[in-house]
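Given chain B, work out where chain F with the ligand should sit, using these hints.
What follows is each chain in one-letter form.
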Amino acid sequence: MTFRLTCPVCGKRDIYEFTFGGQERGPRPEQEGLSAEEHFRWTQFRMIPCEPQEEWWYHAQGCGVWFRSTRDPGTNLEVEGAADE
Amino acid sequence: MSEAPPARGNPPPGRLPPGPTCQVDFSRPLDFTFLGRGVRGFAGDTVASALFGAGVRTFGRSLKYHRPRGLYSMEGESSNTFMAIDGVPNECAETTALRAGMSVRAQNVRGDPRTDFFGLIDPFDRLMPAGFYYRLFHRPYGFWPLFQNGLRRMAGTGVLDPQRDHVRDGLRAERYMNAEVAIVGGGAAGMSTALAAAESGLRVCLFERRPWLGGHLAWRVRDFEGQPLYRRAEALARRLRAAENVKVFTNSPVTGVWGENLVTGFTIGAEDDPFRECHWECRAKTVVVAAGCMDRPLVFNHNDRPGVMQAGAAWRLARTHAVRPGWAAVFSVADDLSLEAAVDLADLGVEVRGVADAREAGRQDPAVVAALEERGIPLLPGWAVSRAMGRRRVRACELRPLDGGGSSHFQCDLLVANGGMQPRIGVLASAKAKLSYCTHTHTYQPAELPPGVFAAGSMTGLRDPRSIEASGRLAGCRAADLAGGAASARRTDTARRDADALPGPVAGCDIRHGPGIGRGAKAFVDLDEDGTYKNVKESAAQGFDVPELAKRFGGFGLGPGQYRVTGQNLAMIMADLRGDPVETATPTTVRPPLAPPSLATLAGPGHDVHKRTPLHAEQAAQGAVFRRAGPWQRARYFSDDVTCRAEIRNVRNNVGILDSSPLGKFRIFGPDALNALQRVYISDMRKTRPGRCKYSAMCNDMGHLLDDGVIVEEGDNDYYFTTSSGRAGATVEWFRFHTRHDGWDYNLVNLTDVLGSLNIAGPNARKVLQRVTADDVSNEAFRYMACRRITVGDGVRARCLRLGFVGELSYELHVPSSYSRYLWDLLMEAGDDLGIQPFGLEAQYCLRAEKGHIIIGAESEARVTLTDIGMGWMWDRHDTASKKVGAPALRACEKQPGRMKLVGFRVDEGQGTPRDGALVVDGAEIVGYVCTTRRSEALGWQYGMALVRDGNAANGATLSLQEEQKPGERATFSATVTSPHFYDPKGTRLRA
Ligand SMILES: [Zn+2]
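Residue numbers (my numbering), protein chains in the order written: chain B, 1 to 85; chain F, 1001 to 1992.
It should be emphasised that the hints constitute simulated quantities derived from the structure, not laboratory data. Some hints could be false.
Unchecked claim - From the derived model, a few chain B residues whose C-beta atoms are all more than 12 Å from chain F:
(1) C10
(2) I48
(3) P49
(4) E51
(5) P52
(6) Q53
(7) W56
(8) N76
(9) L77
Stated by the list, open to error - Partner residues are not named here, just some residues of chain B that face chain F (Cβ under 7 Å, in silico):
(10) F3
(11) R4
(12) G21
(13) Q23
(14) P27
(15) Q31
(16) E32
(17) A36
(18) H39
(19) R41
(20) Y58
(21) Q61
(22) W66
Ideal Cβ placement from N, Cα and C applies to all residues, glycine included.
One chain only, chain B, in its complex shape (with noise of 0.2 Å):
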């Protein structure tokens, strides 16, 4: 399994460059009132789609930034246009 991803300030890069930061949650939920199951919900429940999602990627052997990408984890490519938003 290989694929690119494109960082926003470096450009199309190897996977290899590249830690996964996960799906794309939302921001951290409130803590005033967060019940355990709801706060476990948000950082361990996962859905699995087979059609591109919004994920986190960080350029760890680059550039050092976080960014959203939106990838197909069917094929494992990146969705074509979605890093110029």
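Quick look at chain F with the ligand alone, frame taken from chain B:
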């Protein structure tokens, strides 16, 4: 391929006179040993061609039945000729270039492969039906280990020498490339592709697994358009070598094509290469696969006997290696190329006694039929071989008409058999091309190609050399257009018209197996796993009647030959057994690597890539023993004494100096710096004060302890903080990840490598420090946990942190890395009469453990939370607004029963010495383990810290420790739970 090599040297008896396509140089003998006996081969030989030329016919024994096996494909398509070469098992003798001095041994045999003791197994095959591993030996289960050992001894595939350093034996290299067009295969099609693509000025890489270019043209001497075919290949190769933007890699099998057209493979080092094997990856915009064809094996009775060979193997032995494949040959083939081989071998002096062609009369190329007739070779259309005869090697064979009728016997020592040609679909399959059965060529053909992938050449069913070249040229134009070359629609259109005007794919043959198959004889579908036609039937009868299931059940295609030998035949036979039409046959999935690189190559060159601190040389001069710690080489000991008694004593009594440069050091500043700190640190970070060190920790979202360190406020929203050495590399990523949605404005700078760090610790530390600075460092002016900027020596500005990790008065000095050596020398000189001595990581480890200061990863692990470890006091539990990482989890599990707790313990006197990792048991139950335990000179007893279940963690409770100190010997110790603050529990020494 260069110019046709002139006939070089005189061949020894048993070898043929070298022809124009011969790659062997008989003027360069290479002596090696086989089973300890001396054998002579020549430059250009493979191990197998040299052995065959020297008369060896049995190369090894088969996996299950220990049947003798011989040279079969010359391409490494089966494990028949896998041998141990220079102690490395499973080297493919057919493709491994011969080197002088090699020591070659047969595998899977006791002694000589000709007379293998286990060969007695063969007649008892009824005991080993398909799937016998799973069905027979697992009941009763207790017997399995017995069977397993016996089977492993008999059914071996070589023995690995664990003592040998496979990685460092021969240099392993890596190479990473980019190209617009990558081409797999250096035959006529691949070379034509490269030339066409190169015209558009793009970067072109061509990978050829053989040592030379030309594909099957390289050994064909037949005249075509006024010149022999090999000349045609030479002309292409010459033009290719002249093209500046084409990089040609020979000896370079491709292991797979991956996402976004990453082509991977390896190059086998030639004699003058500086590596033995080089792994490479080529990121290509487009990939053209022109991998060619191989013989489709013919399944018939005793088709594994030494002397049964693929047409390509017999032909190349003669034409490429000048080895006589046999004296009297019979062919049972199904395509014109193999008929040409029969004609050519006859011309080289092999007596071809008969040629069976599975195709009916009239489907052969008339020119080849005429050539056979001219030589008096009988052609039997619609016939095929039904069995090979001879026990240890082929002595005769029986041919039969496919539609029934009488048989014909032939004496022969060479039986060339195939069911026609099949394309090498592996590369296309690994690129995720959709393949389907083509009823015209009777091969698998790409029905749908992934973006940027093209197929060309004989693998698409083309046989006419002009068609093959035209298909390559067309693929080259299309690939170049797509890859952004100087596009020329007209050029591509012309290439397409040229290709269309030439002969298209040639009709193939759908023969499944020889006539009269089975009947008490073994007919192998898979040579590697000893999978027979009968086994396929058994598998189908058990309900495993599609190739993917049969593969798991009977092991078909699991061996090194993978889909290549087995794939198409298994699929066709299975379709027959199910009564389905042949086009429904689906082969098993092709698995990479398509060619096997050695594991040592994948392991890499074995460089120890590490960082050295600025004080490496100074410490080495003091006798430091360095050990790897994360990316660093760090001083672990300063003597042979691994308990470091002298180093520890000196810190407790005088003063020690430690290089702590790998410590994580960061500056965070900007309007939202405090917000970011509040997010990732578990304490209330508003409580930092200028000039004071605040100790705090980070947790992950599960509340597990991740890191600890001190934070110093240096200005408004400007902080300096430290992390553990192990977390230094991940800290920026961590901060930015957990603030990624907030849009906060802060800068975070990793100063770990920029700043060196030195600790001086011990009762004399202040005296030493005061001697190198004019600033007041008295206890009144510079309190415990304070941080000051001081000037040392000739004006070096240092951050000085008064901390007490090792439990003594100590100062940590952070200076620019380039001043570290100056500072070291300064302190060593100043402390000389006070007994200053360096200490290493092990001494520090013991000193801080005596004090009960934890190290994350030693006294914590992935399941341990901040509260488990007894550091809940630092958590700002009322803060919900900062959304601290880990706070909700700590809230949820703080009072959870049954959690592990960190405790101190004292081992009761008069027992042996338990070690780190010993278990804590309660009756028969394991309730925890020892994190760290040492004997302390300062305390006079054995202390330790353990993670134990809360029920066993009460102060004063007795712990039962258990450890296997010698194999099979369980030692038990008793210990008493105490506070982990063993040494100076009130901390008076830190504050002195
Ligand atoms: Zn970047």
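Hint check results:
Every CB of chain F lies more than 12 Å from the CB of C10/B, the least distance being 15 Å, so the non-interface label holds. Every CB of chain F is more than 12 Å from the CB of I48/B (nearest about 19 Å), matching its label as outside the interface. Every beta carbon of chain F lies more than 12 Å from that of P49/B, the smallest distance being close to 19 Å; the non-interface claim holds. Distance to chain F confirms E51/B as a non-interface residue, since its nearest Cβ pair spans about 17 Å, more than 12 Å.
No Cβ of chain F comes within 12 Å of the Cβ of P52/B; the nearest lies about 15 Å off, and the non-interface call holds. With a minimum CB-CB distance of about 16 Å to chain F, Q53/B clears the 12 Å threshold, and the non-interface call stands. At roughly 7 Å from the closest C-beta of chain F, the C-beta of W56/B falls inside 12 Å, breaking its exclusion from the interface. The beta carbon of N76/B is not kept farther than 12 Å from every beta carbon of chain F, the shortest such distance being approximately 5 Å.
Listed as a non-interface residue, L77/B fails to keep its Cβ farther than 12 Å from every Cβ of chain F; the least gap is roughly 7 Å. Nearest Cβ of chain F to the Cβ of F3/B: about 4 Å, under the 7 Å cut. The hint holds. A least Cβ separation of about 6 Å between R4/B and chain F falls short of the 7 Å threshold, and the interface hint therefore holds. With 7 Å as the threshold, the beta carbon of G21/B comes within range of chain F, its nearest partner Cβ sitting at about 6 Å, so the hint holds.
Interface restraint check for Q23/B: the shortest CB-CB distance to chain F comes to about 13 Å, outside 7 Å, so the restraint is violated. For P27/B, the shortest C-beta to C-beta distance to chain F is roughly 4 Å, which falls under 7 Å, so the interface hint holds. The closest approach between the C-beta of Q31/B and any C-beta of chain F is roughly 4 Å, which is under the 7 Å cut-off, so the hint is satisfied. Given hint, E32/B at the interface with chain F, holds; its Cβ is 4 Å from that chain's nearest Cβ, closer than 7 Å.
This hint holds: A36/B has a C-beta 4 Å from the nearest C-beta of chain F, less than the 7 Å allowed. Taking 7 Å as the C-beta contact cut-off toward chain F, the hint placing H39/B at the interface holds, the least distance being around 4 Å. This hint is violated: R41/B has a C-beta 11 Å from the nearest C-beta of chain F, more than the 7 Å allowed. Hint on Y58/B holds. Least Cβ distance to chain F is approximately 5 Å, under the 7 Å limit.
Residue-level restraint check for Q61/B is violated (minimum Cβ-Cβ distance to chain F is 11 Å; threshold 7 Å). For W66/B, the suggested interface contact is upheld, since its CB lies about 5 Å from the closest CB of chain F, less than 7 Å.
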